[in-house]
Every structure is written in structure tokens, then in C-alpha cells.
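Protein chains: 2
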Amino acid sequence: MPFEVIPIHVVQTVSSETGLTGNAPPLLREISELLLRLLESGEIAAIDLSALPLTPADLDWLQDRLGQGEIAITLQASGESTLNETACPGVWWVTHRNENGAVTSQFIEVAFVPDLVKAHPQDVEWGRERLELLLADF
Amino acid sequence: MPFEVIPIHVVQTVSSETGLTGNAPPLLREISELLLRLLESGEIAAIDLSALPLTPADLDWLQDRLGQGEIAITLQASGESTLNETACPGVWWVTHRNENGAVTSQFIEVAFVPDLVKAHPQDVEWGRERLELLLADF
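Same order as they appear, the protein sequences are chains A and B.
Mapping of the first sequence onto my numbering: residues 6 to 143, in sequence order.
Mapping of the second sequence onto my numbering: residues 6 to 143, in sequence order.
It should be emphasised that the hints constitute simulated quantities derived from the structure, not laboratory data.
One or more of the hints may lead you astray.
What the hints assert, rightly or not - Partner residues are not named here, just some residues of chain A that face chain B (Cβ under 7 Å, in silico): (1) Thr18; (2) Val19; (3) Pro31; (4) Glu75; (5) Ala77; (6) Leu80; (7) Ala82; (8) Arg102; (9) Phe117; (10) Gly132; (11) Phe143.
For each residue, glycine too, the CB sits at the ideal point set by N, CA and C.
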């Protein structure tokens, strides 16, 4: 008689005490790898936290471990986005909200500066034209 | 008898009605030139407003003309600094305050992104080492 094959299903378990799934710690390792890539090649990356099986407790745990940095950015564009530096320079906690203030997505961005903060050359060109029109009135 | 030489002194006059000196409009022209340089060569520049003979009314006039953009940045480091995008993308209004909240200096920075917002590679390296130490505990 052959050995009985017992299929093992890995089930994501949430601790009833802490609400943690154990999915957050591997993210810290991934962030460390992404920081290395940023330093070595300037490659920027983002982790979409909304797409991962993370509980609010996981997100709190992650936020606590990453800490808070000196820079806080807000961007107003059909809802408020916040892009906060963590205590790990180069790691930014990005939260997008809709017009009602509800969180629509959350990312961890690994970059020297978040991409959304950079002015685009085309917009700069447009702004300069506007300024020139203003100057024509003096 | 030779012509009498009458020395002409240009005196900065402040309008008693508006408080304006007339020194602000030429700054708009300078900003437009700096935007052109930014677009053409990527050169960044800053105008130290504290070093110029500008009245509070001049500063208000300038701020009104430049308008308000979508991005507001605060930086906490021995006093709060604010780096606010104007309605002219690439033009940032930068205000540094001391620990008591008093303004210590004001700049207009012309750059795709203000220099102070960028994480320095050395700090990123240091942050990654801190993260690795944290990971060693799991």
C-alpha cells in the first residue's frame, strides 16, 4: 500500500491577537534590495501595497519599522496625495485619496525623489509662456 | 564757465499707497530667463529674496503673480522649511524658519524639483544599513 499523499495547502493565517499576516516582513527585505538597485543603477521602483494581502495591522507594522523622515509632500489633484519620506532616505510612503478623502491606493516608492514631485519640461515651457504674457503687460 | 555737473542719485522710492518699490517686476523677467536656462541646459538657480530690497507688499505682489501650484513640501530640520510649487511649474517658493517659527530666509528656486527634497546617496546607503540591521532580527 503506497504512502498516503497528504496535500498541504498553505493558508494565509491572520493572528487573531495582533492582526498580522506575516506578509509585511518580506516587504522590508524587498525594499532593501530595491535600495541597493537604486544606489547601483539609479533604478526607481514602487510596491503597490493595495495589491498585496496586507491587513491594517500589517501596514501599521511596516510604517513603524520604516519610521518617519523629515520631508512631507502634499499634492492636490482631484483628491489629495501625500508622499512622506520615511526614516530610510530614498523610501517614500505614498497615499492617494479621492475627492472625499478616502484612500484609493498606497505605494512604497524607492527613489531619490518621488516621480510625481518633478515638474515636467512641457509644463515648465507652458508656465514660462504664461509668465511672458504677464510680462508683456508691464 | 563749464556746465555745472549735477550729480543724480537714484533713490529707491516706496509708494506710500501700495508699499511697492517697483523691484518685484524685474524679478519676474529674471525668473523667465532662469526657466529658459533650466529647459535648455538643466541649470538650476535660486534667487535670495532676503538679500533684495523688497517690501512685504513686493513679496505679496510677486507671490500673487506666480500663483499657487499643486505641490506643497514641508521639511522639518531645526525649524520648518516650506517649498511650495507656484502656478509656474519649475518655480518654487522656499521659506526657511527657525525653531521659533520666524522666517530666516526666502528663496525662489528654479528647478524641476527643489534640491533639498532629493535624498543623498550617502543617506540612502546609511538607511539601507539600518534596514539590514532590522532584518537581522527576524
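Do the hints match the structure? See the list:
Given the 7 Å rule on beta carbons, the hint for threonine 18 of chain A is violated: about 17 Å separates it from the nearest Cβ of chain B. The beta carbon of valine 19 of chain A comes no nearer than 18 Å to any beta carbon in chain B, farther than 7 Å, and the hint placing it at the interface is violated. At about 9 Å, the closest approach between the beta carbon of proline 31 of chain A and any beta carbon in chain B exceeds 7 Å, and the interface hint on this residue is violated. For glutamate 75 of chain A, the shortest C-beta to C-beta distance to chain B is roughly 5 Å, which falls under 7 Å, so the interface hint holds.
The interface hint given for alanine 77 of chain A is met, as the beta carbon of that residue sits about 5 Å from the closest beta carbon of chain B, less than 7 Å. Hint status for leucine 80 of chain A: holds, given a least beta-carbon distance of 5 Å to chain B, under 7 Å. At a threshold of 7 Å, the smallest CB-CB gap from alanine 82 of chain A to chain B is about 5 Å, leaving the interface hint in force. This hint is violated: arginine 102 of chain A has a C-beta 14 Å from the nearest C-beta of chain B, more than the 7 Å allowed.
Interface hint at phenylalanine 117 of chain A: satisfied, since its Cβ lies 5 Å from the closest Cβ of chain B, which is below the 7 Å cut-off. With a least beta-carbon distance of about 4 Å to chain B, the hint placing glycine 132 of chain A at the interface is held under the 7 Å criterion. Given the 7 Å rule on beta carbons, the hint for phenylalanine 143 of chain A holds: about 5 Å separates it from the nearest Cβ of chain B.
The earlier numbered hints that this structure contradicts are 1, 2, 3 and 8.
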